[in-house]
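Modelling step: build the complete structure from the supplied sequences, incorporating the hints.
Residue numbers (this note's numbering), protein chains in the order written: chain A, 634 to 986; chain B, 634 to 986; chain C, 634 to 986; chain D, 634 to 986.
None of these hints come from the bench; they were simulated from the model.
For glycine and all other residues, C-beta sits at the position ideal for the given N, C-alpha and C.
Derived coverage of chain C by chain D (criterion: at least 3 residues anywhere in the stretch with Cβ under 8 Å from a Cβ of chain D; other residues may be distant):
| hint | stretch |
| --- | --- |
| 1 | 711-722 |
| 2 | 745-756 |
| 3 | 761-772 |
Result set (PhoX-like, lysine-lysine): computed pairs, CA atoms no more than 25 Å apart in a straight line:
| hint | chain 1 | residue 1 | chain 2 | residue 2 |
| --- | --- | --- | --- | --- |
| 4 | C | K823 | B | K862 |
| 5 | A | K887 | D | K887 |
| 6 | D | K647 | A | K862 |
| 7 | A | K887 | A | K823 |
| 8 | D | K862 | C | K920 |
Number of protein chains: 4
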Amino acid sequence: MGHEVRKYGISVGKLSTGKRNAITDVPGVKVGHHTLAEGDVQTGVTAIIPHEGNLFQEKVPAASHVINGFGKTAGSIQIEELGTLETPVILTNTFGVGTAIDAVIDYTLERNEEIGRETGTVNAVVGECNDMILNDIRRRTIRREHIHSAIEKADKHFEEGAVGAGRGMVCYSLKGGIGSASRILPIGSKDYTIGVLTLTNFGTLRDLRIDGRAAGEEWHAEKEAKEEKDKGSVMIVVATDLPVTDRQLHRIIKRSVIGLSRTGAMISNGSGDIALGFSTAYNIPAKPSSVHMIPTIHEEEIDIAFRGVAEATEEAVLQSLFCAETVTGRDGNIRRSITELLSESLVPKGENP
Amino acid sequence: MGHEVRKYGISVGKLSTGKRNAITDVPGVKVGHHTLAEGDVQTGVTAIIPHEGNLFQEKVPAASHVINGFGKTAGSIQIEELGTLETPVILTNTFGVGTAIDAVIDYTLERNEEIGRETGTVNAVVGECNDMILNDIRRRTIRREHIHSAIEKADKHFEEGAVGAGRGMVCYSLKGGIGSASRILPIGSKDYTIGVLTLTNFGTLRDLRIDGRAAGEEWHAEKEAKEEKDKGSVMIVVATDLPVTDRQLHRIIKRSVIGLSRTGAMISNGSGDIALGFSTAYNIPAKPSSVHMIPTIHEEEIDIAFRGVAEATEEAVLQSLFCAETVTGRDGNIRRSITELLSESLVPKGENP
Amino acid sequence: MGHEVRKYGISVGKLSTGKRNAITDVPGVKVGHHTLAEGDVQTGVTAIIPHEGNLFQEKVPAASHVINGFGKTAGSIQIEELGTLETPVILTNTFGVGTAIDAVIDYTLERNEEIGRETGTVNAVVGECNDMILNDIRRRTIRREHIHSAIEKADKHFEEGAVGAGRGMVCYSLKGGIGSASRILPIGSKDYTIGVLTLTNFGTLRDLRIDGRAAGEEWHAEKEAKEEKDKGSVMIVVATDLPVTDRQLHRIIKRSVIGLSRTGAMISNGSGDIALGFSTAYNIPAKPSSVHMIPTIHEEEIDIAFRGVAEATEEAVLQSLFCAETVTGRDGNIRRSITELLSESLVPKGENP
Amino acid sequence: MGHEVRKYGISVGKLSTGKRNAITDVPGVKVGHHTLAEGDVQTGVTAIIPHEGNLFQEKVPAASHVINGFGKTAGSIQIEELGTLETPVILTNTFGVGTAIDAVIDYTLERNEEIGRETGTVNAVVGECNDMILNDIRRRTIRREHIHSAIEKADKHFEEGAVGAGRGMVCYSLKGGIGSASRILPIGSKDYTIGVLTLTNFGTLRDLRIDGRAAGEEWHAEKEAKEEKDKGSVMIVVATDLPVTDRQLHRIIKRSVIGLSRTGAMISNGSGDIALGFSTAYNIPAKPSSVHMIPTIHEEEIDIAFRGVAEATEEAVLQSLFCAETVTGRDGNIRRSITELLSESLVPKGENP
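Set out below in structure tokens:
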């Protein structure tokens, strides 16, 4: 887990990775999948859990950033207003958003009897990409129990590639899906961690860059591949234990576009490219208190977090490719694993693939 | 319909109203409700239809504006990016958003076979307020068929007050719900129309202003009423046939806050106050074409639309109060009609109530 | 100072005012004017100083909010990115912005030798309105020394009305200018203060509301006044000692539009209506440090600050009218004091004017 | 002009360049410089002129986008509100912004007698970077005549590198400054043009990428160079003759970050990274008219413009390096031309440098 790209001698950036090279290197963070893979149904759900406590009672500082807004992500308005996250982050296919909202409300109501009685409601945060190429999205196969299952299975260890919400996703005309990476951020005498999880569903082969190299263009020429119109999207979830305000967090997650761009993304019209981030450095209690103290880094210390998120996003996108197996889905549509291309390719590998 | 406030001698603003004094004065626009009113269940759905054609094929220019973001409105990210609306606007209770998204997807898939095959997905637009005082919101009573029913019943003529999504809403500690108003906008030699529909669920009695007069404070003193914490929200839907770009439309709907403020709103922390607007002046076809021409007014002509939306929003909020009957709901909670207060009040009415 | 409106029996809102009923009730905050009033030149400068220390070294948390962006305010981009203010806030006429930026840079360079050597540059914050009706703005009369003079004269006590940047401003077709008000915010066991200073230059007589009453309409009818096109602007500066993050501050200053709307503002196309706010509750040092703690109120406590800023803005606008004397300026243009109208008016005063 | 990078065998992207490979390939657009280069004073002014008519009378649709807001760009608030540009775009050093605003006002007043009389004011648009390393910025050497000179010298042909506003700028620890590039956009049967001009003042050597290759890292290792803290900024000006609304233009200029990222930018905390764009496809007259028609491309056609701006931005940054000569400035500080490094380098060049 977490090092599939590095096995090919590709090492993105200058900062050290966390132990797992995954978003779960951030203490408390867990990830779970529920995968549906049968014939025309190739889809699923991925859940990211910020901490093990009651999230509605102990919210985490959060931010969201729209890279391109041709998307249906739910819950971002409240994150922007209040700077907090109070539910797990759920990723699924575009037509699963409504069901995922319902499932997150169920989950939260069950754990918080005062909602709808003494206190208000809950803000479900659900991201999505459109997996219609490999998945028969019109069938509407996502059920509430799939979301609950993904939450329940959340663990420090999780699979990448064609799993969970990533099951049917297509990236750079290859099989994409879930990828993750992390970086260590030494600030003062302390080491913090930043982790990124991406759900990748964008790009055409010709644009793919691997650590700078125009590998996609080379393969495209070699394979005489048919050009696909880029209509895809990417969801980027960022977690950190760095003490930051929601404004600082917003600045940090905005830098995910650097890593994204370096893999070759053109952030096309049809993309719903959204970054969501949270910090586990402190909680914001639901219950009002007197004045409380928030720990924050000085703005002059933030550059290393910018670098960390840029590097981890670039590597997470590559991980989503390198971890994904070839998948055959709706109407026999096939998207191949990049690892197959690598094994066949005439293109000399050198240090880079 | 449309003139309940004016029957009390209250006439908001300087511009003329449309024939119905309602959002449906804008040609093509229709509104439908589905109401659930039995014991602890006092809730419902309201649908606003921009035009009678296939909205997904013939989108309308649109804008959204967050007045306060403690809310769960779905679909705003794509409206902001693309400046278009491609579904009916659905209003319901906070926990009905997921189901409403699903229902709108169903509705659109049924009418557009190419979605999820040749073309992408659809962006459901759903607004909400929390009706937990009068409605047992934890029961999750909204079903997909309720949304479909509201859409089907959409008509030029529609009820205001404690109906549809407004069934369980509470405004200024009184019974609120659905209210609407419209204004005529003479520009050049032509008359355009702007209409507003509000779903009101905010405010405490003491803050209520009726055409400037501090009526709420007077009643509060008279009744020795208990102060309620303001946790509510308001959804504001604006329709017009004015030829405008999405940027101009955004400027226009932003002025809804003027009318809202004049009714006494403090736009409190717990509010999800969202304005959504669309123009019916032209359509944006789903199918790509060569360069097309968009008709727009000159920016110097926009002031009358600002005034129109401010006036219509103020009157629509009042309409939601004056049209609402007293409702008894969850756990016997009661919110009274303002018309009862008016009939009992010792406060002399003069020109104003 | 601070109570001219109240002398007429007009008492806006429910919260208590600070001692001076002015922005300078916030500890540390001072205001200074430099006024130019001779013939066709009726203009000036107003400076608001957040604290007496070195602002560049000890920045204050800050926010800016664009109500309507037909304006030339400088410095807002950096406030939005970093959430800090590092200079006095300068208000002047539209064509004085460049000179005011230069003057603030001079002022800051003189006090900070490391700027442009070891450290970067400084972000001058300058707001403006267009005083072309009473002032010959084409003459470009604002000089750097006028800004320095306004800063030097800054004091707890300051004049309101036709002074400083307000000298040539026109509000609701009457003489406008500088107005201020404040409110006490009891939170927990402590009293905080919020203060507002407005530079008013917007509106037409018919729209003026005084504590809800349509006084402008009444006067308009009485005087058979000629309608003026509303092209004006308003600058709103908010200060508080409440411990808040820049996000919370942004939410607070956004509510200034409530007070503005209640005076009758239609926020017309030609307005540059900008709110700027800062908190003096803590400083952000220029020099990087390790993690520092920021004191913040719980979001559930913020409503009283919303109310405070709404009330203080409404009263500050009225103060700008009630404190302003009649001014004759460019080409003999005259704008009269509202107090003259009040003394002449046939309209019965009752509790309201 | 325009092909210095390509002479080294470096060819960025897939689209064709315009004739000059510069922003002036867009019909009507001109660029002029005024350069100050003497001892400790190494600075200047660059002016970009959208068309040759009276810009205040015939405005162009425009957009601005903040990539990172640690900057002092003036005029963006009004661009965002109204979607128009009514002056030349001026670039200069950070402390020249006030003077440049004044110079643009002078320039516009001279050509428009009605400003400040019958009509309102003018919105000067000025971007900046901090050239303190090579230029003694504290001396405040920019004068109004320098801005006027840059405007007057504007031409289709213009120099790149260490000229105009770029004279003192530092990019990737090397000499940066002004760079430009363009791309042809075939849409339907017509060829449109998009051009980019960058003022580059950001980055450290180690991060520099040339068409994907980590050239900076290689040189850094070879030279055992001292790491500099990245405090710089970049201004990106985009021109096109594509018929687009301001919203579409905003989407397009947002993609400049893709090209920026691919050169190695980390968009650090201290950066004021701003993109400004305009279209020459149609004008918006100052004088109000009845409803007018705006030509716009269909959103589905916009991807090629995204690609164009990404490619042109990447190449423009490289051009700013490859065109710049070595400059010795304040206190003997030197920043070397990349072409010197290339000639000395042991690193084998292959196809890439």
